[in-house]
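The primary structure of each chain is shown beneath.
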Amino acid sequence: MIRAHILVCTGTGCSSSGSMRTCDALLREFKKAGLEKEVEVIQTGCMGRCDLGPVALVHPDGTFYHSVTADHAAKIVEEHFVKGRRYEALLPKDPVTDSVINTMADFTFYNRQLRIVRDNCGVIDPEKIEEYIARDGYLAFGKVLTEMTPEQVIEEIKTSGLRGRGGAGFPTGKKWEIMRAAPETPKYVVCNADEGDPGAFMNRSVLEGDPHSVIEGMAIGGYAMGASRGFIYIRAEYGLAVKRLYIAIEQAYKYGVLGKNLFESGFDFDLELRIGAGAFVCGEETALMRSVEGRRGQPQPRPPFPAQRGLWGKPTNINNVETWATIRPIILKGAKWYSSIGTEKTKGTKVFCLAGKINNTGVAELPFGTTLRQMIFDVGGGIPNGKKFKAVQTGGPSGGVIPEQHLDATLEYESLQKLGSIMGSGGLVVMDEDSCMVDVARFFLEFCCDESCGKCPPCRVGTRQMLGILEKISHGEAELSDLDKLESLAVTIRDASLCGLGMTAPNPLLTTLRYFRDEYVEHIVHKRCRARVCRDLIDFTIKHENCTGCSLCARACPVGTIFRLSGQKKYYIVEEDCIHCGACIDACRFDSVLKTSDGNDHVAPPRPPALELAPGLKPRTLVTT
Amino acid sequence: MNLEELKKLKEKTQRQVSLREGGKKYRVVVSMGTSGIAAGAREVMTTMLDEIDKRGIDDVEVAVTGEIGLTDAEPVIRIEETNGEQTTYAKVKPEDARQIVAEHLEKGLKVEKLAVGKPKDKE
Numbered sequence: 011m012i013r014a015h016i017l018v019c020t021g022t023g024c025s026s027s028g029s030m031r032t033c034d035a036l037l038r039e040f041k042k043a044g045l046e047k048e049v050e051v052i053q054t055g056c057m058g059r060c061d062l063g064p065v066a067l068v069h070p071d072g073t074f075y076h077s078v079t080a081d082h083a084a085k086i087v088e089e090h091f092v093k094g095r096r097y098e099a100l101l102p103k104d105p106v107t108d109s110v111i112n113t114m115a116d117f118t119f120y121n122r123q124l125r126i127v128r129d130n131c132g133v134i135d136p137e138k139i140e141e142y143i144a145r146d147g148y149l150a151f152g153k154v155l156t157e158m159t160p161e162q163v164i165e166e167i168k169t170s171g172l173r174g175r176g177g178a179g180f181p182t183g184k185k186w187e188i189m190r191a192a193p194e195t196p197k198y199v200v201c202n203a204d205e206g207d208p209g210a211f212m213n214r215s216v217l218e219g220d221p222h223s224v225i226e227g228m229a230i231g232g233y234a235m236g237a238s239r240g241f242i243y244i245r246a247e248y249g250l251a252v253k254r255l256y257i258a259i260e261q262a263y264k265y266g267v268l269g270k271n272l273f274e275s276g277f278d279f280d281l282e283l284r285i286g287a288g289a290f291v292c293g294e295e296t297a298l299m300r301s302v303e304g305r306r307g308q309p310q311p312r313p314p315f316p317a318q319r320g321l322w323g324k325p326t327n328i329n330n331v332e333t334w335a336t337i338r339p340i341i342l343k344g345a346k347w348y349s350s351i352g353t354e355k356t357k358g359t360k361v362f363c364l365a366g367k368i369n370n371t372g373v374a375e376l377p378f379g380t381t382l383r384q385m386i387f388d389v390g391g392g393i394p395n396g397k398k399f400k401a402v403q404t405g406g407p408s409g410g411v412i413p414e415q416h417l418d419a420t421l422e423y424e425s426l427q428k429l430g431s432i433m434g435s436g437g438l439v440v441m442d443e444d445s446c447m448v449d450v451a452r453f454f455l456e457f458c459c460d461e462s463c464g465k466c467p468p469c470r471v472g473t474r475q476m477l478g479i480l481e482k483i484s485h486g487e488a489e490l491s492d493l494d495k496l497e498s499l500a501v502t503i504r505d506a507s508l509c510g511l512g513m514t515a516p517n518p519l520l521t522t523l524r525y526f527r528d529e530y531v532e533h534i535v536h537k538r539c540r541a542r543v544c545r546d547l548i549d550f551t552i553k554h555e556n557c558t559g560c561s562l563c564a565r566a567c568p569v570g571t572i573f574r575l576s577g578q579k580k581y582y583i584v585e586e587d588c589i590h591c592g593a594c595i596d597a598c599r600f601d602s603v604l605k606t607s608d609g610n611d612h613v614a615p616p617r618p619p620a621l622e623l624a625p626g627l628k629p630r631t632l633v634t635t
Numbered sequence: 010m011n012l013e014e015l016k017k018l019k020e021k022t023q024r025q026v027s028l029r030e031g032g033k034k035y036r037v038v039v040s041m042g043t044s045g046i047a048a049g050a051r052e053v054m055t056t057m058l059d060e061i062d063k064r065g066i067d068d069v070e071v072a073v074t075g076e077i078g079l080t081d082a083e084p085v086i087r088i089e090e091t092n093g094e095q096t097t098y099a100k101v102k103p104e105d106a107r108q109i110v111a112e113h114l115e116k117g118l119k120v121e122k123l124a125v126g127k128p129k130d131k132e
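Protein sequence lines, in the order shown, are assigned to chains A and B. By our numbering, the letter at position 8 of the first sequence is numbered 18, and the numbering carries on one by one without gaps. By our numbering, the letter at position 122 of the second sequence is numbered 131, and the numbering carries on one by one without gaps.
Please keep in mind that the hints were generated in silico from the structure rather than gathered at the bench. Fair warning: there could be bad hints in the mix.
Estimated spans, in silico, between C-beta atoms of each pair [unchecked claim]:
(1) G78(B) to N395(A): 41 to 51 Å
(2) T169(A) to G78(B): 50 to 60 Å
(3) D280(A) to G49(B): 17 to 27 Å
(4) G78(B) to K253(A): 42 to 52 Å
(5) G31(B) to T558(A): 49 to 59 Å
(6) D116(A) to E30(B): 57 to 67 Å
(7) D81(B) to P105(A): 39 to 49 Å
(8) E30(B) to P196(A): 36 to 46 Å
(9) P105(A) to E30(B): 21 to 31 Å
(10) T79(A) to G31(B): 20 to 30 Å
(11) G49(B) to T79(A): 32 to 42 Å
Quick partial rundown of chain A residues pointing at chain B, CB under 8 Å, derived from the structure [what the hints assert, rightly or not]:
(12) R13
(13) V92
(14) R95
(15) R96
(16) I143
(17) T156
(18) P160
(19) G266
Even for Gly, the Cβ is constructed at its ideal location relative to N, Cα and C.
Make a model of the complete structure from these sequences and hints.
Given below as structure tokens:
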């Protein structure tokens with residue numbers, strides 16, 4: 011009998027920190043200890059705590075280990091499995107209380123979650139359909155085909171209140187109904203797995219951890235809408251997810267849950283993968299369809315909507331990974347159960363990705379209506395290093411930035427929209443006091459500008475112009491009137507762009523202007539960056555009280571602009587030649603390099619005479635900026 | 010595949026993952042400290058696992074723990090039930106282990122001659 015399972019996460023995060031090697035090492039050690047017939051090593055999908063990887067979970071006792079590299083395998087086997095005591099060195103600690111966390115259930119990050127979509131993620135081996143079937147897999151599909159009419163399925167989804175998880179939040183049941191009513195045939199269903207937001211990996215975690223749930227959802231949708239062919243559009247960068255989907259589809263055919271005459275009902279359903287090349291715009295549904303057809307991914311005007319004229323001119327339904335994965339639990343547990351979760355307008359749960367300046371980075375699933383504060387300070391464990399929270403950006407690069415005074419806003423489509431942001435795919439990037447809002451806006455705008463497909467001028471030209479002005483501001487060369495220009499450009503781009511990329515690209519700028527206008531003014535008028543991020547507005551000096559004359563800063567300086575006075579030990583930065591890279595701060599072990607942004611009040615120290623090179627350094631040509 | 014076949018397949022595969030879902034009626038804890046191992050606890054445990062497997066008993070999980078302080082009575086096995094009841098068996102030999110599985114874990118009957126101490130509810 012197998013008495014224990016050790017579940018090792020082999021999602022992209024953990025496998026890049028070596029979880030595959032951990033699995034091999036564990037197998038080896040179990041064999042050595044003679045436990046190979048008692049303990050089984052299971053490779054699962056993402057458990058959600060990628061920053062602690064490789065992570066492992068032991069059943070039945072629920073012990074959660076972090077940083078389980080191959081080197082620790084022997085110790086874990088000896089302590090936990092032979093002697094029966096937890097291996098404390100690898101137990102995580104609570105970031106707030108600093109106490110040791112024994113089990114997953116004791117971990118605030120996990121016990122605040124409600125897992126519906128990610129129910130199987132990190133629990134089953136995604137490469138074994140048998141484990142999925144053991145957890146009621148394909149039962150919903152079987153039930154739908156044998157007991158329900160397509161209309162009943164659509165009614166069930168409508169009653170559940172499910173809304174599309176791709177970002178816009180359109181009611182899924184209604185979308186399906188429109189599609190079903192479309193007269194033309196054949197029809198197609200598509201899964202949008204082109205997750206492109208920086209800092210968003212919730213779809214990947216579902217595809218890697220539980221690919222069959224998406225396949226089952228699509229098959230049910232195909233039956234409800236009268237489509238016998240489906241496509242999963244996924245980006246090539248998601249190598250592991252692609253591999254697991256291929257395996258899952260193959261197994262589904264083998265077990266007869268995809269193919270012809272499914273569950274002896276006469277319904278056929280075929281599913282294929284389409285691999286995208288990673289263009290951000292291909293997440294937009296019309297561009298996605300063109301890419302599936304093998305053409306260049308560029309958006310088309312709507313109407314006609316995909317439900318009227320989609321793939322190859324035929325009715326097509328496109329839903330997000332998370333939406334498809336939610337279908338199965340709704341059919342199994344009923345619409346009434348599902349609609350009891352969440353808020354009045356938005357039912358169910360959402361998978362969020364926590365990233366940025368936050369203690370618990372990772373994937374977390376919570377009901378709609380959770381406040382930003384609960385999300386960041388409970389689940390996320392707050393801001394690291396005792397820093398102060400400044401803002402959170404929701405919904406990826408085209409989402410808005412929400413400041414501290416709105417932390418009690420709920421995570422819901424409408425409430426985020428009211429604050430000028432969007433739900434988007436559910437990415438949350440947390441920023442602390444060291445983040446400059448002008449720089450944040452510039453960064454995200456740069457992303458959208460790069461990813462603009464170039465089809466419509468508002469997006470192609472407008473984002474470039476906005477970026478230019480933002481760069482001027484961060485260089486300290488802008489005027490106050492530039493802010494008005496920015497605003498009018500932003501509104502024009504938002505209103506005139508062809509697709510969602512352009513329409514939402516100004517969001518980070520508009521919200522930072524709305525909530526942090528004083529920071530923009532400070533950059534423009536006072537030439538100051540309070541977060542000390544914008545390179546051209548900061549100065550570096552060496553505090554001589556702490557300086558030991560070790561010369562590390564001078565050696566680290568890429569432009570050779572740190573010298574010492576002849577006969578003295580103390581070092582000086584020659585300000586005119588400094589490129590503000592910060593290498594000296596990182597090099598200094600005595601906190602002697604000071605980064606300031608005094609703006610107009612800054613007085614450059616006079617260049618001391620008789621400067622000497624650090625010992626062992628060769629004179630370099632000084633580069634000026 | 011039809012729905013019946015799927016349900017049958019589910020029953021067959023469920024054992025594979027049920028360990029991860031918890032909620033087992035019996036929890037067998039084998040004391041695996043140095044004295045336990047010296048007295049043959051490992052052999053007792055492997056025999057138990059083998060017997061549980063042979064009899065196809067599902068509602069049980071087996072765990073190991075450290076020294077529990079009954080050094081002269083090793084190997085020691087404690088069986089915990091979901092209702093809170095605990096039974097401790099001492100000086101268990103491999104053949105006793107088979108009997109405990111057959112009686113206690115399969116039929117729910119305690120093996121009184123091997124049990125030590127008093128069960129909580131009878132104090």
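Status of the hints after comparison with the structure:
| no. | hint | verdict |
| --- | --- | --- |
| 1 | G78(B) to N395(A): 41 to 51 Å | holds, 44 Å |
| 2 | T169(A) to G78(B): 50 to 60 Å | holds, 58 Å |
| 3 | D280(A) to G49(B): 17 to 27 Å | violated, 58 Å |
| 4 | G78(B) to K253(A): 42 to 52 Å | holds, 51 Å |
| 5 | G31(B) to T558(A): 49 to 59 Å | holds, 58 Å |
| 6 | D116(A) to E30(B): 57 to 67 Å | violated, 18 Å |
| 7 | D81(B) to P105(A): 39 to 49 Å | holds, 45 Å |
| 8 | E30(B) to P196(A): 36 to 46 Å | holds, 41 Å |
| 9 | P105(A) to E30(B): 21 to 31 Å | holds, 29 Å |
| 10 | T79(A) to G31(B): 20 to 30 Å | holds, 28 Å |
| 11 | G49(B) to T79(A): 32 to 42 Å | holds, 34 Å |
| 12 | R13 | holds, 4 Å |
| 13 | V92 | holds, 7 Å |
| 14 | R95 | holds, 5 Å |
| 15 | R96 | violated, 10 Å |
| 16 | I143 | holds, 5 Å |
| 17 | T156 | holds, 5 Å |
| 18 | P160 | violated, 18 Å |
| 19 | G266 | holds, 4 Å |
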